[in-house]
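> Using the UniProt record's numbering, you'd call the opening residue of the sequence shown number 1 and step up by one each time.
These are computed hints drawn from the structure, not numbers from a lab.
Here a beta-carbon is modelled for each residue, glycine too, at the ideal position from N, C-alpha and C.
Misleading hints may appear alongside valid ones.
Lysine-lysine pairs mimicking BS3-like chemistry, simulated, CA-CA at most 25 Å apart [claimed, not checked]:
| id | residue 1 | residue 2 |
| --- | --- | --- |
| 1 | K176 | K262 |
| 2 | K176 | K271 |
| 3 | K320 | K222 |
| 4 | K222 | K176 |
| 5 | K235 | K222 |
| 6 | K235 | K58 |
| 7 | K271 | K219 |
| 8 | K235 | K219 |
| 9 | K219 | K320 |
| 10 | K58 | K320 |
| 11 | K320 | K235 |
Here are the simulated distance ranges between beta carbons [stated by the list, open to error]:
| id | residue 1 | residue 2 | range |
| --- | --- | --- | --- |
| 12 | P237 | S198 | 37 to 47 Å |
| 13 | E117 | Q46 | 17 to 27 Å |
| 14 | H49 | T300 | 24 to 34 Å |
| 15 | L293 | A238 | 35 to 45 Å |
| 16 | T18 | T339 | 24 to 34 Å |
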Amino acid sequence: MSPYVLALLLFSLGLGTTMTFASSHWLLAWIGLEINTLAIIPLMAQNHHPRAVEATTKYFLIQATAAAVLLFAGTTNAWLTGQWEIQQDAHPLPVTIITLALALKLGLAPLHSWVPEVFQGLGLTTGLILATWQKLAPLALLLQIHPPNSYLLILLGLASTLIGGWGGLNQTQLRKILAYSSTAQLGWMVLVSQFSPSLTTLAVLVYVATTAATFLTLKLAKATNINMLAISWAKAPALVALTPLVLLSLAGLPPMTGFMPKWLILQELSKQGLAPTATLAALTALLSLYYYLRITYTMTLTMFPNNLTGTPPWRLRTRKITLPLAWLAIATISLLPLTPGAVALVAL
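Model the full assembly from the supplied sequences, consistent with the hints where possible.
Now the structure itself:
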């Protein structure tokens, strides 16, 4: 792809998300989402591989359907209430339809079936954009809906954490595992979104850092399934030593950074009188922990079943840029001591 075309597409990607962030009008927010979708489509299909084209077609159809439902709900709300403002009180029926449309865009369970299939057909770089940047605009709209449908959000959040953990248990393809992981992590954000938007923002920032570190690690290891990770120890020993910490941070174990948002979310849910919901969410996190530990075990404690055992490949100096991975890994592993500062910011 020409660098000029790539720059134009990335600029359009940023423009669409920024328009949605800055909009107070449902129509402008919808336009931002459409620009965002249309900008990512050429990036997804640039390999001209049948799997990539299939994934792009599925993604386009799902996002177009969700955008059409969102526009329909916004129009219905304007018809019933007489205003297009996002932050004004909306009618309960359009709020429910908008929430479901945004859940489809985000890939929340039970509207998540497209996510693993789309991720499986894409490269790791495009998958990273899809798992992080593309989630920001719909999440921003979800946070602005007023008044939110409380029961629906809690149901979507719990279903996402459960199915996101359950679905990844029997997967061997790393991109599908990361897709289910994305669904599970989004479930945590949706659970607390109506009670503390600032805490949701903190959870999004930690999620973006941990997911980006995981994707970049797999890209550096050139791994797309679990078995390919077994030879990573010979290629990049330092990376293999670091990866388990990144994955355990993604799982939300202390003393890594990923523990911070989950801890604060469980605390907030308990304060709101939703202790059973918090307990269920914490239990479903154990499902996700299983497949993170499975990846860790394969990467660090197994050897690839080849004939030349003990003959490591040449360790050539990599030409890939590794500085972003280094910074993200540090942020993923070592920021838990900043929790008091994060709590102070959330309380503002």
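> All the hints need checking, so say for each whether the structure fits it.
Hints and how they fare:
1. Note on K176 and K262: the hinted pairing holds, with a Cα-Cα distance of about 23 Å set against a maximum of 25 Å.
2. This hinted pair does not check out: K176 and K271 have alpha carbons roughly 35 Å apart, beyond 25 Å.
3. With a CA separation close to 12 Å, the supplied pair K320 and K222 stays within the 25 Å bound.
4. Between K222 and K176 the alpha-carbon distance is near 16 Å, which keeps this suggested pair within the 25 Å criterion.
5. The suggested pairing of K235 with K222 holds, with an alpha-carbon distance near 10 Å, which does not exceed 25 Å.
6. A C-alpha spacing of about 35 Å is found between K235 and K58, which places the hinted pair above 25 Å, so the restraint is violated.
7. Of the supplied pair hints, the one linking K271 and K219 is violated, its CA atoms being roughly 41 Å apart against a limit of 25 Å.
8. Our distance criterion of 25 Å between C-alpha atoms is met by K235 and K219, whose separation comes to about 13 Å.
9. With a C-alpha separation of about 10 Å, the suggested pairing of K219 with K320 holds against the 25 Å cut-off.
10. For a cut-off of 25 Å, the pair hint linking K58 to K320 is broken: about 31 Å separates their Cα positions.
11. The straight-line distance between the Cα atoms of K320 and K235 is roughly 14 Å, inside the 25 Å bound, and the hint therefore holds.
12. Between P237 and S198 the beta carbon distance is about 40 Å. The supplied range of 37 to 47 Å therefore holds.
13. Here the CB-CB span from E117 to Q46 is close to 19 Å, well matched to the stated 17 to 27 Å.
14. In this structure the hint that H49 and T300 lie 24 to 34 Å apart at CB holds, the actual value being about 31 Å.
15. Distance hint check: the CB atoms of L293 and A238 are about 21 Å apart, inconsistent with the given range 35 to 45 Å.
16. Distance hint for T18 and T339: a CB-CB separation of about 30 Å, consistent with the stated range 24 to 34 Å.
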